[in-house]
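With chain A fixed as given, assemble chain B onto it according to the hints.
The primary structure of each chain is shown beneath.
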Amino acid sequence: MSVESTTAPSPAPDLDRQTMEVDIACAGFGPAMGGFLTTLTRAWSENPADPAFESKAAPGMPLQVLCYERADDIAAGVSGVVTRAQGIRASFPGLNPAEIPMAVEVTHERVLYLLDPIGASRRSLTLRAADRVLRALGPLLGARDHAFELPWTPAFLQKHGGLVLSIGQFNQWVGSQLMATGLVQIWPGTPVSAPIFPDAAGKDGPAEKTVLGLRLADQGVDRFGTPADGFMPGMDVRAHLTVVGDGPVGAVSQSIDQTLGLPQGHAHREWALGMKMVIELPEDSPLQPGAVWHTFGYPEPEIFGFLYVHPQRLASVGIFVPSWMSDPSRTAYRYLQHYIQHPALWRYLKDGILRSWGAKSLEESGKRGEPFLAGDGYARIGESSGSTNMLTGSGVDEAWTTGTQLAEAVVELLRAGKPFTRENLAATYETRRRASWVERGAREAQNARNGFHGGIVKGMIGMALAGLTRGHISFQAHIPPAPKQIRPMSSRSAARLKLKNGAVLALENGRPLHDALLTARGWPEIAFDGRLLVTQQDALLMGGKVQAMPGFADHVVFRDRRLCIACEEKTCIAMCSGQAITEGADGVPAFEREKCVYCGACLWNCAQSSGGDRSNIDFLAGAGGLHSAEN
Amino acid sequence: MANAVHIVVCAGIVPDPLQTLEPITGPNGPGLKNEMVLPAVLDPWAASALYEAANLAAKNPGSKVWLVSLGPKAKLQQVMMTAAQKVPFELVPIDGPIGGFPDAHSTAAVLAESIAALPGLDRDRLLLFGGWESATRGAGVTLQLVGERLGITDQFYGVDQIDLRDDGSFEVLERVEGGKHQVSVCAGTPAVLGWATGNLAEPRNNPQTGMANMRTIMPALQKARPATLAPNGLRYVSVSLPKQQRTTRVVKDLTPDEIAAELVEWIGAE
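Line by line, the protein sequences give chains A and B. So this note's numbering is basically just the index in the first sequence, starting at one, shifted up by 19. So this note's numbering is basically just the index in the second sequence, starting at one, shifted up by 191.
Keep in mind that the hints were calculated from the coordinates and are not lab data. The structure presented is a predicted model; accordingly, all values stated were derived computationally and were not measured. Do not take every clue at face value.
To be verified - Cut-off 30 Å, straight-line C-alpha distance, at most; resulting in silico cross-link-like pairs (DSS-like, lysine-lysine):
| id | chain 1 | residue 1 | chain 2 | residue 2 |
| --- | --- | --- | --- | --- |
| 1 | A | Lys477 | A | Lys503 |
| 2 | B | Lys434 | A | Lys369 |
| 3 | A | Lys75 | B | Lys414 |
| 4 | B | Lys414 | A | Lys369 |
Just chain A, same shape as in the assembly:
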């Protein structure tokens, strides 16, 4: 396609790229890769002279294991986190949470249903009726601050005995131990643009499931990928085994899925955007480290929320905006600000200070989104391999455990002198995974959230049924592709048209449409205080510390401009965590990579598609993004 019809980068010039041979090349450094490398290096350290760990890529040298991470620092990740830490504790039996900054054991857990104190959230008649009954019975039921606490935390949700973590600090803690071994190398600030397939890939149909290594991203290019000043083509890292743990929107994972396909009936159709703040609580805060809150009902019925208390008066507070929330003007940041101002939370958060902020996409398809776990020369671990459990609401521990399972398999194959073929990896890694608690949990969770596609009440009932029966009873549902889950903006409803017209008038002030629509619906304007309630751009700078190295191509690409021009919904703009995607002059959204936090929300918040599951937005590899170490 020409530049005029797409914002996609120019095809890579036919180059003589530098090539390097290694034994194991890893894409991404998160909990899954942390589990993989920790388990691998432990086995290796038992006997460093073990010939199994001699390099075949560089004879005479030890095993060459290189990990490439896109973010500027291994501490720059974002996630909740509260975890049962079953797999993590198995890897670190004597773990003292005090060793990991911001970590603490879970001490107290509660589930809160939040009523709407403002009256702006869009609730069904059933829910409104239920709310009226609850308000009337409030004093009897112990309601307080427009919130009802469930008398118990459902077993499937419980994290008793687990850990509250900062994923950035956890990754940094794991990474520093790995680097201290001197056995593996972890390179931050090094995005991987694609896997290397055999030359015949694509020419005669789908390639055999083979990956030969990783191609690093070109540098010194303009926004379209055309070589510019200081052009440095990305190196090809050829490996006997490529370990793919680059997260739910990783470029390597996406490329493998698109090129090699997914198992029959599997698709990536269920997503959520998690957005959080790390708040320094007021000095007199009664919240204790280890407190865990799960919330639902506010600011919209579809939005779940959380509050986890770390040591030293820090709290992670956030929401999840799911793909099954069909409102085309769904958004996250402003909803998060309304969330923290709910009376049940605000009484503890008022006078707090914003310390950090971030957002990420969650791949919530679980088993239904599971790719081929291994092929010739490659294996998939972590969230992009479908390990996240959306019944228990956990992913970090599952991801970690898939990494340990792959490492055990790799050690077994190295010691047996066997190659990393699909059959060998299936017999070792897949077998371990299928026999583990990760798989059991994934099967129980498989249909747990189906009901939400029929409404929030049905969804909660469905989740409870699945949870209480360990997945034996659940609702069935057809989950459409993500673009189809977004309700069309155009409507014959007079009320909707009036609302939209009012919001369009507000656009004259330069506000984004989704923001104006929220105000038109009755959400009050945010009273910025410069400390906790700040503009979205301030959150980017004060909280996320977002930055981007020059010399990389735009990594968000609008594939067919004509579809963008015709699109009324432009949910990509509403859901962009960093306001990096904005209205363009010609109807095609404008993208500023310096503001992108790599949440990947745009990938699944595009209402357009030229067919299949793939939307009109490509989310590619790039450097920079969130730079805070406290998320």
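Just chain B now, with coordinates in the frame of chain A:
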């Protein structure tokens, strides 16, 4: 004709300046709140010095670049995974404390001792590089003291450019008032250069450079000698952050001149 030089770059590691930094006073004196949490980077001023050193070495075959860095070994290792991708150098790590509060004299003593002991260092061809101040406390003292301890009296600060001449002399541009540079000509090495930003863009992350550097960096880190700083009675009376004010306005249709005029007016009003 090129002149081979031996360039020793003194570079501390500092908490990433982009993170939330807050001074506190603990039992051992002032420090940073949650310092364990903070990732570290190579001091930005010293990083400029390193890139300039590598550039100079590349233009003068036979030259060599050492990076001498005092800091906790684990933090040094983490920083190296980024720094090592930038330019070629040999790391000389010293496992010890670093921060904005240790005494510059004690720090300089440790650094000078390590530099003097570098095997193969030709003092007559020595250029001692560093930042003209550090991102930790910004006193701009340590490098001067290192130079004095090594007996190097030709010292230049706020340097943005050096041009080596065929006869071994060199011309240096140092920042002075009014946005100007003072041009000096020095007869030859040894000399100390405390760099400002220089004129080079930050080098791209190059995995091959990183791999090549790692072959010497990893063994060096394993063998890093521990160092303690001699106490000398330094006592901080008080520590505080400068006052900050923040206001944000997102605009898309103003020219740079209009934005600059608005900023000038705002600064004047505050």
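Requested in this report: List in ascending order the numbers of the hints, as given earlier, that are violated by the structure.
Outcome: Result: hint 4 breaks, nothing else.
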